[in-house]
Amino acid sequence: MDSSVLFKGFANFGWESAVMIGIGIVLIVLAIVKKYEPMLLLPIGFGCILVNLPLATVLQNTMGEPQFLQILQNVGIATELFPLLIFIAIGAMIDFSPLLRKPVMIFYGAAAQFGIFAAMILAVICSMYLIPGVFSLKEAAAIGIIGAADGPTTIFVGNLFAPKYLGALSVAAYSYMALVPIIQPPVIRALTTKEERRIRMDLGKDEKVRKPVLIAFPIIVTLVTGFVAPDGVALVGALMFGNLIRECGVLDRLTKSAQNELANLVTLLLGITIGSTMIAKTFLQWDTLLILGIGFLAFVFDTAGGVLFAKFLNLFLKKKINPMIGAAGISAFPMSARIVQKMAQKEDPGNFILMPAIGANVSGQIGSVIAGAVLISMLMG
Amino acid sequence: MLMDALKLMGTGIGVVFIVLAVFFTVIKILMKAFPPEKGKKEEE
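Residue numbers (our numbering), protein chains in the order written: chain Z, 1 to 381; chain W, 382 to 425.
This is chain Z alone, in the form it adopts within the complex (with noise of 0.2 Å):
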């Protein structure tokens, strides 16, 4: 018997590592201490521990065998099959009425998904300038998907395009949603005056949207993108498929399984796999801290792009709308339209523009999926 190898982890463990599960201590004590996204964030920094031990046991073991997070990212990241499972869950919890009471809403939601765009470019440029070749046309793409402010939609495209950056990927999309109360009211405050964030909005009737429209909503988007990027309808058809369930009227127990078991166990495993992907080898490059910068701006411009849109679009209305009602265009939901709200009632106690703010927010989850399934279309064919 040989008493040595007990303590073979030793050997095999560098400063690289350390600083690893210094990462995963970082992002643990950031979901439980600050909440910023713990369902996700947790998950990934404890993946980020397993995987930067010695010998990285948990996805091979020393035999070369694949051990479990190994089979879970090949199972449900490589097959993209865990972010389209999200996507039925998250279809399943969003309530469209708001954005079909009030159907102009959804061009704030595509004027948002500037950022996506925005930080591609960015990324092209730094590729060309700052550190040559780094990134290609495909990871540039992916790095510019964090602007959908859309973790599954981030992880689908990452995976397709960039899946050696997909643990930086993850976890800048993640952080930075949860960072939205942050990023966004300073970048509001500087492209509006005071007396554009006081504008009142017309709060719409008190109607109930009939379930024809709502059942036929999804359904009719699901076919659109299936003929104009057809490489996308996968991110498309899961999203709506899962709205389809809940707005059916006749799948009640599969709507809750949807919205509950289906949403936490993939979740779960989601974030754990997420986390397998964060190698000290692969992550501590200075690619990572370009793409967790570019990542940061895709933000910004996202939010730019959506209040400098209202404002072009207030300068034809006749009836001005409140242009913070852009920034709530990204697919963070809710909290951008509840930071919109809160930083409304901030200039104007008795200015109510939240349902508006939601309809743009769940746009900007439409336009969020349309855009990343234009890219992998467009970039695949």
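Once the Cα atoms are required to be at most 30 Å apart in a straight line, the calculated DSS-like pairs of lysine-lysine come out as:
{"id": "1", "chain 1": "W", "residue 1": "Lys413", "chain 2": "Z", "residue 2": "Lys320"}
{"id": "2", "chain 1": "Z", "residue 1": "Lys318", "chain 2": "W", "residue 2": "Lys413"}
{"id": "3", "chain 1": "Z", "residue 1": "Lys35", "chain 2": "Z", "residue 2": "Lys281"}
{"id": "4", "chain 1": "Z", "residue 1": "Lys319", "chain 2": "W", "residue 2": "Lys413"}
{"id": "5", "chain 1": "W", "residue 1": "Lys388", "chain 2": "Z", "residue 2": "Lys138"}
{"id": "6", "chain 1": "Z", "residue 1": "Lys102", "chain 2": "W", "residue 2": "Lys413"}
{"id": "7", "chain 1": "W", "residue 1": "Lys419", "chain 2": "Z", "residue 2": "Lys208"}
{"id": "8", "chain 1": "Z", "residue 1": "Lys208", "chain 2": "W", "residue 2": "Lys409"}
{"id": "9", "chain 1": "Z", "residue 1": "Lys318", "chain 2": "W", "residue 2": "Lys419"}
{"id": "10", "chain 1": "Z", "residue 1": "Lys320", "chain 2": "W", "residue 2": "Lys409"}
{"id": "11", "chain 1": "Z", "residue 1": "Lys311", "chain 2": "W", "residue 2": "Lys413"}
{"id": "12", "chain 1": "W", "residue 1": "Lys419", "chain 2": "Z", "residue 2": "Lys320"}
{"id": "13", "chain 1": "Z", "residue 1": "Lys256", "chain 2": "W", "residue 2": "Lys419"}
{"id": "14", "chain 1": "W", "residue 1": "Lys419", "chain 2": "Z", "residue 2": "Lys211"}
{"id": "15", "chain 1": "Z", "residue 1": "Lys211", "chain 2": "W", "residue 2": "Lys409"}
{"id": "16", "chain 1": "Z", "residue 1": "Lys320", "chain 2": "Z", "residue 2": "Lys208"}
Okay, the calculated beta carbon distance ranges per label pair:
{"id": "17", "chain 1": "Z", "residue 1": "Tyr129", "chain 2": "W", "residue 2": "Phe415", "range": "50 to 56 Å"}
{"id": "18", "chain 1": "Z", "residue 1": "Leu254", "chain 2": "W", "residue 2": "Lys419", "range": "27 to 33 Å"}
{"id": "19", "chain 1": "W", "residue 1": "Thr392", "chain 2": "Z", "residue 2": "Leu81", "range": "28 to 34 Å"}
{"id": "20", "chain 1": "Z", "residue 1": "Lys256", "chain 2": "W", "residue 2": "Lys388", "range": "42 to 48 Å"}
{"id": "21", "chain 1": "Z", "residue 1": "Leu315", "chain 2": "W", "residue 2": "Phe415", "range": "31 to 37 Å"}
{"id": "22", "chain 1": "W", "residue 1": "Phe415", "chain 2": "Z", "residue 2": "Ile131", "range": "53 to 59 Å"}
Chain Z stretches covered by chain W per the calculated footprint, using a threshold of three residues with CB under 8 Å from any CB of chain W:
{"id": "23", "region": "96-108"}
{"id": "24", "region": "121-130"}
It is worth saying that the hints were derived from the structure and are not from the lab.
Where a beta carbon is used, it is the ideal one built from N, C-alpha and C, also for glycine.
Given the structure of chain Z, go ahead and fit chain W onto it with the hints provided.
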């Protein structure tokens, strides 16, 4: 690569707006065909 990225950006933003404009039209038609029930609150 920058030109390719700019082309991708232009086309991407354009297509996203066009697709969402289609959805806008679809919603308008649906809401006209099945007008909302006035005065009723959302069921939750």
